[in-house]
Amino acid sequence: MPDLSTTPVARNSPMAPPRSFLWSRWIFLTLLTGFVLLPVYVMVSSSLKPLADVTGQFRWLPSELTIRPYIDIWSTVPLARYFVNSLIVAGAATVCSVVIAVFSAYAVSRYSFRGKRVFTVTVLSTQMFPGILFLLPLFLLYVNIGNATGIALFGSRGGLILTYLTFSLPFSIWMLIGYFDSVPRDLDEAALVDGCGPLGALFRVVVPAAIPGIVAVAVYAFMTAWGEVLFASVMTNETTRTLAVGLQGYSTLNDVYWNQIMAASLVVSVPVVAGFLLLQRYLVAGLTAGAVK
Amino acid sequence: MTTTIERGRPGTRPVKAAPANRRPGRIRRIGLPYLLLLPALVLELLVHLVPMVIGIVMSFKVLTQFYIRDWGSAPWAGLDNYSLSVDFNAPVGEALLHSFFVTVAFTLLSVALCWLIGTAAAIFMQDTFRGRGLLRALFLVPYALPVYAAVITWVFMFQHDNGLVNHVLHDQLGLTDKPSFWLIGDNSFYALLTVSVWKGWPFAFLIVMAGLQNIPRELYEAAALDGAGIWQQIRRITLPSLSPVNQVLVLVLFLWTFNDFNTPYVLFGRAAPEAADLISVHIYQASFVTWNFGAGSAMSVLLLLFLLAVTGVYLAVTSRGRRPADA
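Line by line, the protein sequences are chains A and B. Going by UniProt numbering, the first residue of the first sequence is number 1, and it counts up by one from there. Going by UniProt numbering, the first residue of the second sequence is number 1, and it counts up by one from there.
Keep in mind the hints are simulated off the structure, nothing from the lab. Yeah, the Cβ is synthetic: ideal placement off N, Cα and C, and Gly gets one too. Check each hint, because a few of them may be wrong.
[Claimed, not checked] Where chain A lies over chain B, by a calculated footprint (3+ residues, C-beta under 8 Å):
#1 30-44
#2 162-172
#3 253-265
#4 290-304
[What the hints assert, rightly or not] Here are the simulated distance ranges between beta carbons:
#5 B:L49 / A:P18: 19 to 27 Å
#6 A:F28 / B:A105: 21 to 29 Å
#7 A:L278 / B:S83: 36 to 44 Å
#8 A:P212 / B:L45: 50 to 58 Å
#9 A:T30 / B:F66: 53 to 61 Å
Using the sequences and the accompanying hints, generate a full structural model.
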């Protein structure tokens, strides 16, 4: 348990906080830590239990530690295939989303043009649409495009990539505008004088200076695509199924292998959680620069 | 995409707009911002705006499984789908109204709790103390976990026979006479609320934390000189300074929670219990299980209208008295 009572640097208040504040803080943060960690503990501990431990009454500690669930998860359902599908879909959606967001944010940050405000408001307002509203039409639109042109969007990874990249796009553009605004204009004007075109200035000056923001946006885009359930459940078939849908395969079997479900949940979480925790300070910095003004 | 842009091929619109004797460089400079925005614009149109228009058209059509393959030729239904949805004396409308009230209650409670916990945690962690960095990382874990992985863990915890919740409440603390059902019946509402708050509060924490960094330190120093204690500083400086951040934060939390599909869908599967029948899952059920896409679309359009109205009223009310310079 971290020691919460010491305040070596009271950053914002020159006076030392009173005892009542320290006590409330300690109690509040301890309870909150318990609430946050409880499912994480259940996930980790149950993933190391034999099946008997998760079918009977709940046990806080495993009767014996076993890594068996981590071996079995790959054969109970085709987890590796789902994993690869998720990696392809989330990876491609992230790359496309970031590249497109960089172009858009650069235009909004560096140029004044007619329709700028309409663009930002429209793009941001798509965030408020209920997913369910455009799920049905998008489903039909993809089917129709497939029938008319032969481009298989429905049931394919391509359709899912296309869909997911637009989910993260608005927030990514919004955050990158803030980041780009904080890169001094003198830098890219100097590059323009040196003979770079506008795109040269973007890629040689602005993008390198905004790497933390771009990284944060990439993490966000990846998380969005990695965790989405609604569209994945409608728009994939057996071969293109992603983890979001595939993980439910463990519970539809006759015996519910909770130890395997927990092991699989942990395995699919590690890439995103690790990436997020490593890069979260960029996200906070990005929010401070762009969003929260 | 990239090559089109790098060639700097001027779009047709800017060419027409610019007089013929202008130098090409000038045309490029006028057209460039639009070219840069083009990919984002096309994709948003394709995935969000066009489907929304199609959805509105669909809501006026008879769109059952017979017409799905060729929905353009489905007969017009006039307002039938809407009258079916809002006829609160008939089963369909009654169920929709019930789902709506459940969603409103759920959203209000969830947003309030997420905001409260997130704000409190951010304020308590404003000053440095040992372990603060670690704690901040831990607190963001629920937000970082993929929804299905996190929610499926809660499903396990809420199991009747082998779950942690019943083990603690019944076996260890003896608070209940017999093990409770959490994922069916009336308790499911509280199960859903718990999971939603657990998953949602770190976002409020993240945003408030960023917002706190923009409050000038001089404000606190001046207040301290005037003899204000820390609780007073929080009440008189921190909270009022956060109000622009809160305006956006509460709205975003509201919209996300109201539209949430992933959490209830993973928690309950396709058939949500009546007490936790959120509107998104309800419409999904109405569309994909009964294959009545027309009625499902009408319900979605009603949902969108409701959200637009709430957003409009909310922004009008909360922006009143705000200086225009803030915007």
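Right, here's what the structure says about each hint:
{"no.": "1", "hint": "30-44", "result": "holds (count 11)"}
{"no.": "2", "hint": "162-172", "result": "holds (count 6)"}
{"no.": "3", "hint": "253-265", "result": "holds (count 6)"}
{"no.": "4", "hint": "290-304", "result": "holds (count 7)"}
{"no.": "5", "hint": "B:L49 / A:P18: 19 to 27 Å", "result": "violated, 54 Å"}
{"no.": "6", "hint": "A:F28 / B:A105: 21 to 29 Å", "result": "holds, 26 Å"}
{"no.": "7", "hint": "A:L278 / B:S83: 36 to 44 Å", "result": "violated, 54 Å"}
{"no.": "8", "hint": "A:P212 / B:L45: 50 to 58 Å", "result": "violated, 31 Å"}
{"no.": "9", "hint": "A:T30 / B:F66: 53 to 61 Å", "result": "holds, 60 Å"}
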